[in-house]
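Turn these sequences into a full structure, and let the hints steer you where they fit.
Protein chains: 2
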Amino acid sequence: MTTLVETIAGVRQAVARARQRGLTIGLVPTMGALHEGHGALLRQARDENGLVVASLFVNPIQFNRSDDFEKYPRTLQTDLEYCQRLHADVLFAPSAGEMYPAQQLSFVEVAELGEGLCGASRPGHFRGVATVVAKLLNIVQPDRAYFGEKDAQQLAVLTRMVADLNFACTVVRVATVREADGLAMSSRNVRLTAKERQMAPAVYEALLATAAELRAGRDVESAKRAAGLVLEKFPEFRVEYLEVVDAETLRPVERMDRPVLVITAVWLESVRLIDNLRCDPR
Amino acid sequence: MTTLVETIAGVRQAVARARQRGLTIGLVPTMGALHEGHGALLRQARDENGLVVASLFVNPIQFNRSDDFEKYPRTLQTDLEYCQRLHADVLFAPSAGEMYPAQQLSFVEVAELGEGLCGASRPGHFRGVATVVAKLLNIVQPDRAYFGEKDAQQLAVLTRMVADLNFACTVVRVATVREADGLAMSSRNVRLTAKERQMAPAVYEALLATAAELRAGRDVESAKRAAGLVLEKFPEFRVEYLEVVDAETLRPVERMDRPVLVITAVWLESVRLIDNLRCDPR
Numbered sequence: 001m002t003t004l005v006e007t008i009a010g011v012r013q014a015v016a017r018a019r020q021r022g023l024t025i026g027l028v029p030t031m032g033a034l035h036e037g038h039g040a041l042l043r044q045a046r047d048e049n050g051l052v053v054a055s056l057f058v059n060p061i062q063f064n065r066s067d068d069f070e071k072y073p074r075t076l077q078t079d080l081e082y083c084q085r086l087h088a089d090v091l092f093a094p095s096a097g098e099m100y101p102a103q104q105l106s107f108v109e110v111a112e113l114g115e116g117l118c119g120a121s122r123p124g125h126f127r128g129v130a131t132v133v134a135k136l137l138n139i140v141q142p143d144r145a146y147f148g149e150k151d152a153q154q155l156a157v158l159t160r161m162v163a164d165l166n167f168a169c170t171v172v173r174v175a176t177v178r179e180a181d182g183l184a185m186s187s188r189n190v191r192l193t194a195k196e197r198q199m200a201p202a203v204y205e206a207l208l209a210t211a212a213e214l215r216a217g218r219d220v221e222s223a224k225r226a227a228g229l230v231l232e233k234f235p236e237f238r239v240e241y242l243e244v245v246d247a248e249t250l251r252p253v254e255r256m257d258r259p260v261l262v263i264t265a266v267w268l269e270s271v272r273l274i275d276n277l278r279c280d281p282r
Numbered sequence: 001m002t003t004l005v006e007t008i009a010g011v012r013q014a015v016a017r018a019r020q021r022g023l024t025i026g027l028v029p030t031m032g033a034l035h036e037g038h039g040a041l042l043r044q045a046r047d048e049n050g051l052v053v054a055s056l057f058v059n060p061i062q063f064n065r066s067d068d069f070e071k072y073p074r075t076l077q078t079d080l081e082y083c084q085r086l087h088a089d090v091l092f093a094p095s096a097g098e099m100y101p102a103q104q105l106s107f108v109e110v111a112e113l114g115e116g117l118c119g120a121s122r123p124g125h126f127r128g129v130a131t132v133v134a135k136l137l138n139i140v141q142p143d144r145a146y147f148g149e150k151d152a153q154q155l156a157v158l159t160r161m162v163a164d165l166n167f168a169c170t171v172v173r174v175a176t177v178r179e180a181d182g183l184a185m186s187s188r189n190v191r192l193t194a195k196e197r198q199m200a201p202a203v204y205e206a207l208l209a210t211a212a213e214l215r216a217g218r219d220v221e222s223a224k225r226a227a228g229l230v231l232e233k234f235p236e237f238r239v240e241y242l243e244v245v246d247a248e249t250l251r252p253v254e255r256m257d258r259p260v261l262v263i264t265a266v267w268l269e270s271v272r273l274i275d276n277l278r279c280d281p282r
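Protein chains in written order, with the working numbering: chain A, 1 to 282; chain B, 1 to 282.
If you are wondering where the hints come from, they were derived from the structure by calculation, not from laboratory data.
Yeah, the Cβ is synthetic: ideal placement off N, Cα and C, and Gly gets one too.
Treat each hint with caution, since some may be false.
[As the list claims (entries may be wrong)] Covered stretches of chain A (in silico footprint by chain B; criterion: 3 or more residues with CB under 8 angstroms from a CB of chain B, positions within the stretch not fixed):
#, segment
1, 105-111
2, 133-144
3, 160-168
[What the hints assert, rightly or not] Simulated restraints on C-beta separations:
#, chain 1, residue 1, chain 2, residue 2, range
4, A, T249, B, E205, 48 to 56 angstroms
5, A, P259, B, T3, 37 to 45 angstroms
6, A, P101, B, R173, 16 to 24 angstroms
7, A, S66, B, D280, 40 to 48 angstroms
8, A, Q84, B, P101, 37 to 45 angstroms
9, B, R258, A, Q103, 12 to 20 angstroms
10, A, A9, B, P259, 23 to 31 angstroms
11, A, P101, B, R258, 17 to 25 angstroms
12, A, R65, B, V190, 53 to 61 angstroms
13, B, Y72, A, R19, 38 to 46 angstroms
14, B, R17, A, G228, 53 to 61 angstroms
15, A, Q77, B, E240, 52 to 60 angstroms
The following block contains the structure:
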């Protein structure tokens with residue numbers, strides 16, 4: 001039975017009761033429109049904790065484009081049912097007024113990690129993400145918080161924030177869940193037209209092609225050309241970036257002499273898709 | 001008996017044991033060189049909590065001038081004895097390497113409140129203060145954290161940070177403790193020469209003179225002239241600022257139509273003294 005809780009006081013109470021019973025707390029922060037990617041987070045949280053809290057909050061301060069914020073899918077009722085099926089104990093779904101009762105003046109900034117890649121085209125995005133996750137960690141005080149590897153830069157930013165600011169919480173990274181054709185699950189996928197949906201798996205194919213070149217010993221410039229060959233079959237794609245970066249610092253590398261991420265953001269009309277693939281040197 | 005603890009793991013263990021016994025936790029963050037001002041914080045924390053943790057950390061990232069950091073008094077042994085006399089349970093005195101094991105990339109910024117007054121001449125100061133206090137709050141997870149009103153801007157910044165980021169902690173403000181002649185207690189007072197020490201109470205007198213004018217219905221410009229008359233008796237003073245500001249937002253006001261702070265920073269040679277006085281309209 002998943003309890004829907006809309007207030008900070010309410011979720012703190014639920015957590016305090018669980019603590020009194022000696023339970024550990026797992027937090028799965030989401031923006032709703034739950035899919036199997038979230039499902040993997042919720043399942044792992046369920047396996048590892050006595051109390052599972054999912055949060056559902058479409059966080060205004062991490063959107064740099066108001067149309068993206070407005071178009072973000074909102075499906076509370078089906079999300080609640082989804083949480084129910086996965087045996088989450090609490091769905092914390094606060095209003096914007098509950099999370100931001102006054103003008104927010106305090107922000108968490110993570111330098112360097114939040115600046116390139118998605119940060120370059122989305123100024124303030126990772127500041128908004130870090131700030132709302134700091135708030136959620138302070139509200140729920142979980143033992144573990146679960147994030148997906150699909151949002152690799154977010155994961156790097158939040159992992160660093162938790163370490164740098166000494167949050168008493170372990171960041172658990174969960175592997176990307178993909179559709180049968182390879183497309184990474186994302187709440188934004190529902191905004192693709194049928195035709196775009198058919199093209200979308202080429203994003204993952206481009207990552208695979210790049211990774212294959214890197215594994216064959218090619219340098220990054222040559223490997224990126226392989227991605228280009230895959231994506232240019234569809235003129236509808238607009239590549240925002242496709243980079244090979246150090247898996248930890250997210251700084252660009254010239255060859256795969258350490259664990260790397262092949263990471264990309266691609267537009268299909270008004271929908272922005274992100275994906276990445278980790279690749280380790282032999 | 002005050003236990004000296006130098007590691008984060010050690011202080012977390014002491015706090016966890018206290019929590020298991022059902023005790024509440026009070027945190028008194030300090031930079032050491034303890035005086036009666038800190039004494040007032042420690043006494044109130046002792047009255048209100050089951051476990052009192054004092055922290056002693058001269059935080060490098062809040063000093064914008066390295067000479068000020070280097071000259072900051074360091075007196076661990078007498079500080080430990082002082083904590084002992086005031087029945088603090090734990091003195092948490094970590095090394096810089098314990099608090100900053102890697103380059104700090106994550107910072108807490110509090111907009112507006114940290115920008116004027118002391119923030120104007122000390123860029124990055126309040127960012128450093130907010131960041132280290134966020135770390136200490138996450139390490140100790142106290143029910144209450146104690147700060148002195150002498151550092152009024154710091155108190156405003158931290159109160160806002162705790163609210164904005166939903167720290168599960170109450171900020172307790174404690175009144176400024178003064179020497180018999182009115183000088184606000186400060187760890188930097190020991191750096192005054194005998195002659196400067198004799199002049200220093202004029203800072204407080206200037207605040208009193210300003211407040212008297214405001215209470216008599218004079219506007220801020222006239223009231224500030226009264227402060228000028230007090231301070232200009234000593235050409236050794238260099239006034240960095242003397243302002244009348246809204247007690248909550250710290251924005252300058254033109255007349256006392258709400259609770260205000262008369263707030264100042266004054267240099268005596270190489271020593272910077274700050275002080276403030278709250279003043280309420282009738």
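Comparing the hints with the structure gives:
1. 105-111: holds (count 7)
2. 133-144: Since three or more residues must qualify, the claim that chain B covers the segment 133-144 of chain A holds, with 5 doing so at under 8 angstroms.
3. 160-168: holds (count 8)
4. T249/A with E205/B: 48 to 56 angstroms: 55 angstroms, holds
5. P259/A with T3/B: 37 to 45 angstroms: Since the Cβ atoms of P259/A and T3/B sit about 42 angstroms apart, the hinted range of 37 to 45 angstroms holds.
6. P101/A with R173/B: 16 to 24 angstroms: Given range 16 to 24 angstroms: holds, Cβ gap about 21 angstroms.
7. S66/A with D280/B: 40 to 48 angstroms: Roughly 42 angstroms apart at Cβ, these two residues keep to the hinted range, so it holds.
8. Q84/A with P101/B: 37 to 45 angstroms: 42 angstroms, holds
9. R258/B with Q103/A: 12 to 20 angstroms: About 19 angstroms separates the Cβ atoms of R258/B and Q103/A, which means 12 to 20 angstroms holds.
10. A9/A with P259/B: 23 to 31 angstroms: 28 angstroms, holds
11. P101/A with R258/B: 17 to 25 angstroms: The hinted range 17 to 25 angstroms holds for P101/A and R258/B, with Cβ atoms some 21 angstroms apart.
12. R65/A with V190/B: 53 to 61 angstroms: 55 angstroms, holds
13. Y72/B with R19/A: 38 to 46 angstroms: At roughly 39 angstroms between Cβ atoms, R19/A and Y72/B fall inside 38 to 46 angstroms, so the hint holds.
14. R17/B with G228/A: 53 to 61 angstroms: With a Cβ separation near 59 angstroms, R17/B and G228/A satisfy 53 to 61 angstroms, so the hint holds.
15. Q77/A with E240/B: 52 to 60 angstroms: Given range 52 to 60 angstroms: holds, Cβ gap about 58 angstroms.
Checked against the numbered hints given earlier, this structure breaks none of them.
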